[in-house]
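There are 2 protein chains.
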Amino acid sequence: MIQEITSKQNTKVKYCLKLHQQSFRDEEQKFLVEGEHLLEMALQNNSVLEVYTLKKRDLPENVHQYLVNEDILKKIAFTMNPQGVVAVCKMPKEKEISSNKVLLLDDVSDPGNLGTIFRTALAFGYKDILLTKHCCSAYNEKAIQASQGAIFLLSFHKNFELSKMKKNGYQIISTEIKGSIDLDSFKPEEKHVLVLGNESRGVSQELLDISDVRVRIEIKEIESLNVGVAAGIVMHHFSK
Amino acid sequence: MIQEITSKQNTKVKYCLKLHQQSFRDEEQKFLVEGEHLLEMALQNNSVLEVYTLKKRDLPENVHQYLVNEDILKKIAFTMNPQGVVAVCKMPKEKEISSNKVLLLDDVSDPGNLGTIFRTALAFGYKDILLTKHCCSAYNEKAIQASQGAIFLLSFHKNFELSKMKKNGYQIISTEIKGSIDLDSFKPEEKHVLVLGNESRGVSQELLDISDVRVRIEIKEIESLNVGVAAGIVMHHFSK
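Chains as they are written, first to last, in the numbering used here: chain A, 424 to 663; chain B, 424 to 663.
If you're looking for bench data, these hints aren't it; they were derived computationally from the structure.
Possibly wrong hints are sitting among the right ones.
Just so you know, same-sequence chains aren't split out, so a pair can sit in one copy or run between any two.
Said to hold, decoys possible - Dumping the calculated DSBU-like pairs for lysine-lysine here, alpha-carbon to alpha-carbon at most 30 angstroms:
| no. | residue 1 | residue 2 |
| --- | --- | --- |
| 1 | 513 | 610 |
| 2 | 513 | 437 |
| 3 | 498 | 610 |
| 4 | 614 | 497 |
| 5 | 479 | 589 |
| 6 | 556 | 478 |
| 7 | 601 | 550 |
| 8 | 601 | 441 |
| 9 | 516 | 643 |
| 10 | 524 | 601 |
| 11 | 431 | 590 |
| 12 | 497 | 565 |
| 13 | 518 | 663 |
| 14 | 589 | 453 |
| 15 | 479 | 663 |
| 16 | 614 | 478 |
| 17 | 643 | 453 |
| 18 | 581 | 663 |
| 19 | 643 | 581 |
| 20 | 614 | 498 |
| 21 | 663 | 610 |
Can you make the complete structure from the sequences, with help from the hints?
Laid out in structure tokens, this is it:
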């Protein structure tokens, strides 16, 4: 289906604008992506419901296509340069945790950090991502952008019981300075949950208490690394 | 010296506002920092010339102190929450390269990435940072913020001759996919320059040609890592 939209007052345009709010995205279980690369990844993953585009595109039949002008596109896009396309995607249903290597993000609050961690997680085979209650949303526009599309290939979980996972054989590994062992001298079990903490507070006491091991990256002169960088170093080390 | 400023039209306020432009910062060889943590690090490094503050502070005698109101402070600050203080700092003079572990950033364009790399570089003992011509400025406000103050403890170099450094015994190591060896099977010489490339284009051909070795991080499913994450993984590996 192809339709043209010429007015900024169109209900479809207004709906897209409402999807700029996280609460509305959660309610509708939908989110926006923009640009060629993200659209392509979303299409490969059958996540696309609607496409708002400057020029007609070759799209699957079940995707609604709306031809819009530059003004409308800029209005519904987050960035100044949406590369001619914005798409409405559906959030996937929460699945069972199926992989041995799991990442738990404990209240990571910066969307750029979150997206960067997603990109790295995919690169090192961490496909199940657990997000605590106060973690930034995986479908925040900046997180999606920083993930470079990795969000379409990962499974996100908000409902999980770490104690149950521990009983099921997952080794729980937290990154923490105090009472920890040097990362370089540690090899994880094949089945593990790597826990990374909030940018200021680190991993919460509750999660530290349930952890089997605490590891630290040896550093000099500065208190801590950026959480995205720390995530990369640990996941790379665990993938050897 | 303590003085009060009550008008937004004050020449000092206007001067600070001009320091929001990179070209003016370069011309004046001065830059702004804000917040308690960065002020503290700048003071430790004797970089502070002037402080604009909501309340009187205990500062070294050679630092000019200006008492301002919230409106003025917000006007001269970059962020919405400057934590009550903005300081004018002087850029250090370019020094000789003095360390064995050197980092070369080839046109890294995102200030957040740049600052994150600075923070990581300091943590792993890379204190001399070479910046190519089109690299984002080290004194960009977002780079300073992301560096968490590391900029005050690093030496930046814009004038360098890599061929001369190579003759002087530096091993030149580039991060690159093509024709490269796996990072995990490579150990650098003690004296080396690690080259990281631009976010989209990677390391330039010119720098690849002069490199002694090309290394890559083994990844799956995604084309590349964020440059700040890649920098962290390589520097951590080289620090073992």
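Now for the hints, and whether the structure bears them out:
no. : hint       : in the structure
1   : 513 to 610 : neither (38 angstroms within a copy, 46 angstroms between copies)
2   : 513 to 437 : within (18 angstroms within a copy, 49 angstroms between copies)
3   : 498 to 610 : neither (50 angstroms within a copy, 51 angstroms between copies)
4   : 614 to 497 : neither (45 angstroms within a copy, 50 angstroms between copies)
5   : 479 to 589 : neither (51 angstroms within a copy, 53 angstroms between copies)
6   : 556 to 478 : neither (40 angstroms within a copy, 38 angstroms between copies)
7   : 601 to 550 : both (28 angstroms within a copy, 26 angstroms between copies)
8   : 601 to 441 : neither (44 angstroms within a copy, 44 angstroms between copies)
9   : 516 to 643 : between (43 angstroms within a copy, 24 angstroms between copies)
10  : 524 to 601 : both (24 angstroms within a copy, 28 angstroms between copies)
11  : 431 to 590 : neither (54 angstroms within a copy, 63 angstroms between copies)
12  : 497 to 565 : both (16 angstroms within a copy, 25 angstroms between copies)
13  : 518 to 663 : within (28 angstroms within a copy, 39 angstroms between copies)
14  : 589 to 453 : neither (32 angstroms within a copy, 54 angstroms between copies)
15  : 479 to 663 : neither (46 angstroms within a copy, 54 angstroms between copies)
16  : 614 to 478 : neither (48 angstroms within a copy, 54 angstroms between copies)
17  : 643 to 453 : between (44 angstroms within a copy, 28 angstroms between copies)
18  : 581 to 663 : within (28 angstroms within a copy, 36 angstroms between copies)
19  : 643 to 581 : between (35 angstroms within a copy, 25 angstroms between copies)
20  : 614 to 498 : neither (46 angstroms within a copy, 52 angstroms between copies)
21  : 663 to 610 : both (9 angstroms within a copy, 16 angstroms between copies)
In this structure, the earlier hints numbered 1, 3, 4, 5, 6, 8, 11, 14, 15, 16 and 20 are contradicted, and the remaining ones agree with it.
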